[in-house]
Amino acid sequence: MPASASSNFPADLIGRLSSVDGGAKIKALREVKNQIIGNRTKKVYYIKLGLVPSVVSVLSTASDSDSDLLIQAAAVVGSFSCGVEAGVEAVLSAGALPHLLRLLSSPDEKVVDACARALRMIYRSKRAPKYDFLQGQNMSFLLSLLNSDNENVTGLGASITSHSCQTSAEQKALYDAGVVKKLVSLLQGSLSQRDASLESLAILIKNNHEVISKFVGPESGSALSSVIELTKDKNARTRLLACMCLIVIRNGSLCYLEDVGIRNTLVTVLLGLFDDPGQVGDEAFFALASLISDNEDLQKVAFEAGAVDKLRVHLQRNPSHARRLQGILVALAELGSKLESCRSNILSLQVLKSVTDALTHESTEVRAAACICLRSVSRSVKNLSAGSFTDEMIVVPLVQLLHDHSTCVQVAALGAISNIVVDFSVRKSTFMRCGGLKQLVQLAKSMDSTVRLNTAWALRNLVFLADSKRKDMIYSELGAFTFVNLICDHEPSVQEHALALVRNLVDGSIHHVEYAFAEDGVIFQAVGKQLQSALNSEVWIQGMYVLSNLASGAEVHKESVLEILLQQPGKGTQSPLLKFLRSNDSRLRTVTVWAIINLTFPSSPGAFGRVVRLRGASIFSQLKTMVNDPCLDVKLRVRTALGQYLTFVDDSA
Amino acid sequence: MPVRVVNSATPSQVPGENSGHTSRPSCSLLSVGQAFSGTQNVSSQQKDEAWRVNVRIQGCDLDHGYLCGTMEALNVPLADTPVVTFWEGEIVDAKNYTFFTGKWEATRPEDDIRHWTKFPSFSPLMSQVEVDGGKSLDLSNYPYIFMRWKEQYFVNVGTDCGLTIAGFYYVCFSCSDGSINGFYYDPNSSPFQKLELKVTNEGRSGFSFSSYELQ
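If you read the sequences in order, they're chains A and B. Read in order, the letters of the first sequence are residues 1 to 653 in our numbering. Read in order, the letters of the second sequence are residues 1001 to 1215 in our numbering.
For the record, the hints were derived by calculation from the structure and aren't laboratory data. Each residue gets a CB set at the ideal place from its N, CA and C atoms; glycine is no exception. Any given hint might turn out to be false.
Said to hold, decoys possible - Short, incomplete list of chain A residues facing chain B, as computed with Cβ under 8 Å:
{"id": "1", "residue": "R379"}
{"id": "2", "residue": "V381"}
{"id": "3", "residue": "G415"}
{"id": "4", "residue": "S418"}
{"id": "5", "residue": "N504"}
{"id": "6", "residue": "D507"}
{"id": "7", "residue": "A551"}
{"id": "8", "residue": "T590"}
{"id": "9", "residue": "F601"}
{"id": "10", "residue": "S604"}
{"id": "11", "residue": "L632"}
{"id": "12", "residue": "D633"}
Isolated chain B (complex conformation) (with noise of 0.2 Å):
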């Protein structure tokens, strides 16, 4: 007999100020060394084009709403080899990041909430949102988290390689099922280029999870 579940995909608000709640997603899919793969679609005007995308997490520091790790991308045309970047994330907790991204010219919250609303599980947020960036959310038992992710250099190719890591990426990530859809913002490139990942398995019949932990 099918179980009546409790589908809590509205997060609850928290009135007044945001207090010392802790609004720490927690979600073992996004973890150190969970690698992802997907595309990401490059089209412009004049051609249709997608790169294949490899991410890997790398750090993970829910206290202080920051990720990172590194992204592949294989098939650059202008590239010999698969270029590979370091990029840090910023997740959206309400405690050490809002909605509003304030930098990396997009400083205006209607360029932040025009591609929040991209994704349809921020549809239920918005209302919030747009009053304070969403600050007064509790959003630790939503099931999908949003960052930014920003690259920060290019690890193994020159800053000449014709590539850009000028802009960043507004990402949202299901706790369900570790799938990652991002879109990249810069206002020198085309807009909404977009990121969509799932989670690897490497081969394996299952998922697998290993950690370290720094001392």
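Isolated chain A (complex conformation) (with noise of 0.2 Å):
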């Protein structure tokens, strides 16, 4: 029969699909297949027109002697089920899942083969129900599949596991009921077994203290050889999923895997694994970024190896897959996070090219990830001092990011413009001549706090150091209520950076502490206000630092700092002088501590008579019991402030 003209070819095979005549339905299944099969974009096609509730409709009607039929329909179910998001969400509301289900009790092999693939590529699926293990019968399934003696049902119920096992519960009932064992027998299996099992143990495992040192004990044999010796498959995947299940325990319990040849082993699988053009290659980088991260010891043992070298190649090679170059930028980002060595070959290498090439690419993720990037390399003060971040082809594509459409790039790049800012030498900011500080006050408003949180450090960097021209231009493009709003903000960590700010603002040139007292002096009401407010040590310390500072200036500065510190809240409550003094934090008593030196400063005319209201309120007192603080920093200026204190009094009492 001619085939019909396409726009009616869907419709006709909707109907053919419905015909009582069994031939007929599968030779129209047979047609769809070979359509979909591979081409998503058929495949979105007919999911759009409908076809997928004909197809299971086959599944459900058919008889369970109907093998061809059952087959083809599975088959079918399953390609539609492939790679795309839609075709998985038209399968489980048209109903298919219980008939895949079912059939795998089906006598024919083939019925059996076709279905657990299908649910397969269902269960690939974040939009797959959730698999209740812990209901009824469900465990004793399970642990069915898994014993079954074809290689996609075990498959199946590896991936069923894998898919639905989300907490530590789940963890600890899988492995109990022998679901971790049998996994592990599965690692001596088929190609296809090995890998589902060690993908799923990666996940049975994983961020649990408990279940991993049974793992790796006695009980369950020669597991964990069994994934080591894994690492050295013939097979790129099996090599990557064992390095990722070996990751995963090592970063669960840190007291395994402590063996140099096993970390050396680890590295080297996964620099090897690079070259691999395709999936595995990609995920490779990832790989190497979880092993090495938060761990120097690991990132110097990944350096040694030559990864910055091989980051830099695969880096410059241009990949146009987004996947590839971001998990490349989030390695090198992680390489560079602690080691000053690792950050100086990385920027020798001149890698901020492409780097910054990432800036602009179209994919949120790899912007983020070229951010984090820039991030990490950037902590290198050396070459912060050295310029190395002032070129404008870094600031202007980060000053762009900004206002990204994505929160996460806006933060992602926050961070990496809080180092850039950080300028030691006279000359004019990049940043600010690109337009940088615009961007910062409309941040500095958002509704985010995230957001807040990263524009008041940014901010905060941008003030260490800076001449009274930059302070006046940010004073001015900020407005002083900005200030007071940030310090004054619900959340600790964006008071603490906003403080932080204001302690640099008002440091350096005398002049500067004019900056807190200006337009009635608002700004210094709002670092008093917050420290009888707040309770957090990181804020308490930030607004003594401001006080402190402020309290190096004039007389007039002096005597308004001395009036919050002994200021009471209450009746019979501590000043917050006596206060932080008597605080457990060594930090705070420093800065405390300083005040006072800073307050009795002998060359200050009004000192003397600071020295008394001082010592009416019992402050010398309180710093005698100081004279052998645990901290030497905190002893040391408590003994330069007795010392001047007795310069003024003598203390005979």
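Make one complex out of these two single chains by using the hints.
Encoded structure:
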């Protein structure tokens, strides 16, 4: 029969799928299968045209003995679900799941195969319903899948486990039911079983110290050594999955896998996997990043194994696949996160150009990863000092990302900018020249507290050691009330950075103190108010640094600071000064004593009067109890303060 | 009434191998943004000469025993402008670095000891340093911080300015008043050129502290 014109074809197909003639149905199914296999566009087209319910209907209405029909229907369902979320959704909505599961017990092995393969496609998707292991007979059913002789069925059991195991209670239940043990035995099975098992094991033990210790212990036999052996398998995907399993063990429980040999093997295998051009290579970059994350020793191992150069080579090949590019950038970011030697190496290899190019990539994840990479390498004070990040090539795209549509990218850009604006020189800031300040002024008013926090952070660093000209510009663009709003933000972390910003603002030349007292002293009052109402050490510390810096100014400033510090918020309560001197936090005690040193600085005319008031508030008696403070810094400052005190009074009491 | 003060001038010794004790010296005067000024004596047999010097701390990573900053030398005869260099410091904390240099043409312990002994605050430590370079010392409560400062490059002049940065400084920092003393070591220059610096208040009536935090 000649094929219908394409506009009638889907309707015709639906008709044939509903036909009573089994032969016609099979033919229609075969046609659909051949059209959609490997063809995402066709899949989406047929899904939109409502073909899926008809296919699922074939599955549900066919008799159990109609093997050919069932096999073809299952294959089409599987194909629709393969890599197309809308397909999975359509298949599930049409009620395919219970039929496929039921048909797993078909006496026909080919039917079982087709259904298992279709179910595996479905369970690869997040849209598949969560399998409740703890309910009824579900655990037994799962175990029956894992105990099957059929490779696709055992693979399905592993996929369901990977998909649905989410809590530590489930991890424990699955371990206790013998699922882990069964998966370990599958490590000796076929390639497909090994890979499915490795993927599942990683999820079953992730972040669960108890399960990990059992997994690596004698009760699991040689589970650990089987996984280690698989890092040398000839199949690249198996090597990657084995590494990822070991990384999960290492990250979940630092006392395991300390062995230098295993660490070196992991690094070497992963670096080798970079060369795989497909998905295995893409994921290898992420796996390395995960292995070395927050771990200086492992970063050093990776560095010495030549990781930086390998990453540079892959980066400069300009990968077209966004996931791969993201992975390379994330791995570079982790490598440069703690060690100056790594950062210097990354910078010396002129990788910066490729990283900054990625700042304008169409993928959100790539742009964010490029910012994170820049943030890492700009931790190098040596390079900040040398002006390595002042090039417009870096600053301009970063400033543009401050109004990216993705908040995640904005925050990542703010992170990199926070470092890059630390400027020790008197040269005009590239960041300000490129209009960055205006962006920060806007972002300081964001509804998103993470954005406000990172903005305050960037401003604080921008103001560090800034000259009068830069400070004037920042003060006038932001306005006193923006400072006040940030200081009084409801998030303590924002308050902390806002106070640190003011600390830097009033440091430097003595007339910078005036910023806090301008416009009826709104900023000064906000600082005082925050010190009274905050409950957070970090906020108190930065607030006290502001006051201490102000107390190194003129007489009028010292008097204002003393007023606030001796204020008693209520009857019988301590003054802030006494409260902070008695703090458990040595950093807070230190800065409080500095404030006292400044208030009683001998060369200032009103020092004696302030000494008398402080004595009246029992401050010096408190200091005398601190001459042997366990913190050296506190001890030395107390002695200085008392030394100054003794130049004013003959204290024989 | 004067309060009895416990003087812990001699640091305690930690028996055995240098373990994971945190011998992080912590001193608010040795922190980023701090400025110091004073002189470097560059006298030789031919003449007496001293340059005014300003130092600013730019980076401080106590976990790795690392410090860095700039040094500005004024009234340098061969230069038209003040000469600025960037230096990096190693903090002798017994964890990251010991008193033995082992590089920069100062590879003999006796050269190190000859310089460190020029600081009076070093004498209580001498006997232990002679044994093992001081790696079993707990310096976390010692009121002096010992460092080596090595200039890395000229910031504002060329290498043909007639000045050298081939050597390094042995440095002693006093935690109580922030004063810095140092001796320049370079086998090709006059020995024991002395660096003496004090904390600058930059016109203020007291001490002011700024900071940055890298993400």
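Output the numbers, in ascending order, of every earlier hint that fails for this structure. When the structure is compared with the hints, none of them turns out to be violated.
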